[in-house]
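K.L.:
Using the hints, position chain B against chain A.
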Amino acid sequence: MNKTVTINISGIIFHIEEDAYQTLSNYLSTIKGYFSKTDGGNEIMADIEARIAELLQQKISVNKQVVLMNDVENVMQIMGKPEEFAGDENTHKSNDEEANNSNASHEKIKRRLFRNPDEKAIGGVCSGLAAYFDVDTVWVRLAMFLLIFFGGLSLWVYIVMWIIIPEAKTTADRLAMRGEPATIDNISKTVKEEAADLKNRYAKNFGKNVRNGAHSAASTLGNVIGRLFGLFLVFIGGVLLIAYVSSIFGISVADSSSDFTNWKSVIFNSGSYYVWAIISFIIVFGIPVFMLLYTGIKILFKIHYSNRWLNYSLGFLWLLGFILGFYITVKTVKQFSETSKIKETYQLHNMGDTIVVKLNPSAEVLKNYAFENIEEIETHFQKNHNNYYLGESKSNLSIIGQANLDVVESNSDSIELIVYNSAQGLNKQDANQNAKSIKYKFTQNGNQIIFDEIFTVIADQKFRAQRVNMRLKLPIGKVIYFDKSVKYLLDDVSNITNTWDGDMVGRRWKMTDKGLACIDCNGLDSDSDDEDGESVSKKIVIQNGEVIIDETKTHSNGVSIDDDGIKIKGKDTKIKIDENGIKVNDKDANVKIDENGHIKIKTIKHKKEKEGE
Amino acid sequence: MEQVNTENTKAQMRKGVLELCILSILSQGDAYPTEIIDKLKDTKLVVVEGTLYPLLTRLKNTGLLGYRWEESNSGPPRKYYKLTEIGEQYLKELQISWEELVSAVNSTIEKGKKL
Chain A
1 MNKTVTINIS GIIFHIEEDA YQTLSNYLST IKGYFSKTDG GNEIMADIEA RIAELLQQKI
61 SVNKQVVLMN DVENVMQIMG KPEEFAGDEN THKSNDEEAN NSNASHEKIK RRLFRNPDEK
121 AIGGVCSGLA AYFDVDTVWV RLAMFLLIFF GGLSLWVYIV MWIIIPEAKT TADRLAMRGE
181 PATIDNISKT VKEEAADLKN RYAKNFGKNV RNGAHSAAST LGNVIGRLFG LFLVFIGGVL
241 LIAYVSSIFG ISVADSSSDF TNWKSVIFNS GSYYVWAIIS FIIVFGIPVF MLLYTGIKIL
301 FKIHYSNRWL NYSLGFLWLL GFILGFYITV KTVKQFSETS KIKETYQLHN MGDTIVVKLN
361 PSAEVLKNYA FENIEEIETH FQKNHNNYYL GESKSNLSII GQANLDVVES NSDSIELIVY
421 NSAQGLNKQD ANQNAKSIKY KFTQNGNQII FDEIFTVIAD QKFRAQRVNM RLKLPIGKVI
481 YFDKSVKYLL DDVSNITNTW DGDMVGRRWK MTDKGLACID CNGLDSDSDD EDGESVSKKI
541 VIQNGEVIID ETKTHSNGVS IDDDGIKIKG KDTKIKIDEN GIKVNDKDAN VKIDENGHIK
601 IKTIKHKKEK EGE
Chain B
1001 MEQVNTENTK AQMRKGVLEL CILSILSQGD AYPTEIIDKL KDTKLVVVEG TLYPLLTRLK
1061 NTGLLGYRWE ESNSGPPRKY YKLTEIGEQY LKELQISWEE LVSAVNSTIE KGKKL
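Heads up: the protein sequence lines correspond to chains A and B, in order. Residue numbers for the first sequence follow my numbering, so the first one is 1 and each next one is one higher. Residue numbers for the second sequence follow my numbering, so the first one is 1001 and each next one is one higher.
It should be emphasised that the hints constitute simulated quantities derived from the structure, not laboratory data. Quick reminder that beta carbons are idealized off the backbone N, C-alpha and C, glycines included. Mixed in with the good hints there might be a few duds.
Said to hold, decoys possible - With a straight-line Cα cutoff of 30 Å, these simulated BS3-like cross-link-like pairs (lysine-lysine) come out:
1) LYS32/A / LYS1092/B
2) LYS81/A / LYS1082/B
3) LYS1111/B / LYS37/A
Unchecked claim - Among chain B residues calculated to face chain A with C-beta under 8 Å, some are:
4) GLU1049
5) GLY1050
6) ASN1061
Extracted from the complex, chain A is given alone in its bound form (with noise of 0.2 Å):
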């Protein structure tokens, strides 16, 4: 069974099976492609047609109805192959034009530059240009591309080509175009590309669209629109793996140093955990990437390949590569889900009314233990404060940590240090083990307290958060001096003058039932506003009996009397006469007249009995 066309040549209507139909319709255009060019060119194709409707009715009886292959191939027997005619016409024509022809079969026609309309990504401009040159069309684009986005070139100049130069609109032109003769071989083999296209054309969407002027048109547009949006991707999808690429490298970079290699051994659970947080987040984050330029490229050059199994295993890849990274963050950041505090409390006893606190620096501190970088160690916390580096010992790690001071009120007579280790850990008794191998030491030595300033943690330990935190609780009355070297000790320790850690060293503080006050802070001392006395003021000071102008501070008693106002020093006695009124310190009790002339005393209670102690 065969499926038949009914056609109608010169009038006459015939069955015609599929195959027939086929032969016959690119017999006829090749004939017509030939003749176009020709005076009289339909009249001529008339009486053909008219002499192949004779042909095939003496072909068809009542019996046989319908138009066959080989009737259609007996017909063009007969009339005889288009190249055959063609001779004929040639052969009429003048001497020159005959001389003219004959050379532009035998020398290679001069190309001409058109733009391709059947192989065009946006007008044609870089397939014509590839004709023209004979070279493939991808690399033009390419070029062009390239040019365009990299190579300064203007896209108005495409734009300008685009309009100045033809389309190749009959199929002499697309012979010029490739430099082919026009020849009717040549003419009748590109009528059959052509015929050929034409039918995929319609059998992939047929009754779809017609080529129309309109349509072309906005087709056109949703090209240009379509690419721009490919070009974006590409654009987004090249930014994007500039940043992907790296820092790849610079992880591999960092790999490579020592100080990152440490870390990581010491977060990481196991040396494989940080591979596999690295395979996942190239996974991650490449797949997205390379999908984007993918993609954009595609779109960019209309390439209609889709590889289902492609896109099928990289997704799978990615979610593969994200439980994988969601995994290891879990594990990783697990480690770090309890908390744990390990509280000690020391008594400190016989240590008078004034304790001086000193730090055991971290270079004293490290000379007990076997560490083979103590210059690095130590180098690193002059530089950083509240923060960890590690320590190498025979090739083991440990975490160092800066140890912090504060300093409050007792509720009690005695002064006690209480000393928090606290550590991270997976769950709480984890923690607390993490905890227990912290590593730290104080000494008293008399009225001295002296703290180290790090703590160390037992060798191949994780890093889990580990800190240490002490409380220094110091009884209403007593004196506390900071060393200068306890100044990255303290951990903003709070006092009644606001001072900052770094201005409370080097000076004497009493507890009072407000907090800290400062007893030797010239300038410091009560109003914390102009703490930056620091500047070079000159003032009047009596002492001894001699007035003196003096431009530097100084701590001694005496009387000063300055821009901040008078000041009265004694051994226990401080009077301030400024603007905001008169301050008379005492051992025993501290009276204020402020400017609105309120007057409050404070006097300071048990005093006595503490120094009876």
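P.N.:
Chain B alone, transformed into the frame defined by chain A:
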């Protein structure tokens, strides 16, 4: 190349006389292409029918031939060609020059054969 050239020469010769033959056939009476073809087939001057149509159209366009349509019982309407007055004039000139040509050619060929 040699082969092609002989073929080409033969074709050129046939085509050259084809015009004369068509005009001669039409001088005997009006005819439509199929009739012309049938007559030409006996003379082996026409190898493929396609050759005829461009030729007829060209002769018509140069004014040597005229035509009229006639209904056909069995197929599409037929285009009957006839010789115009110019055509008749042209045919006579052609016949004279043909005879001259034939005698000249024959004598040349005879001489060639004798050698």
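K.L.:
It remains to establish, for every hint, whether it holds in the given structure.
P.N.:
Structure-based check of each hint:
1. A hinted pair counts as satisfied when its Cα atoms are at most 30 Å apart, and LYS32/A with LYS1092/B does not qualify at roughly 34 Å.
2. Simply put, LYS81/A and LYS1082/B have alpha-carbon atoms about 27 Å apart, close enough for the 30 Å limit, and the pair holds.
3. Under the criterion of a C-alpha separation no larger than 30 Å, the hint pairing LYS1111/B with LYS37/A is inconsistent with the structure, at around 45 Å.
4. Here the hint on GLU1049/B is kept, as its CB sits about 5 Å from the closest CB of chain A, short of 8 Å.
5. Restraint check, GLY1050/B versus chain A: the minimum CB separation of about 4 Å is within 8 Å; hint holds.
6. Taking 8 Å as the C-beta contact cut-off toward chain A, the hint placing ASN1061/B at the interface holds, the least distance being around 6 Å.
Against the hints set out earlier in the document, violations occur for numbers 1, 3.
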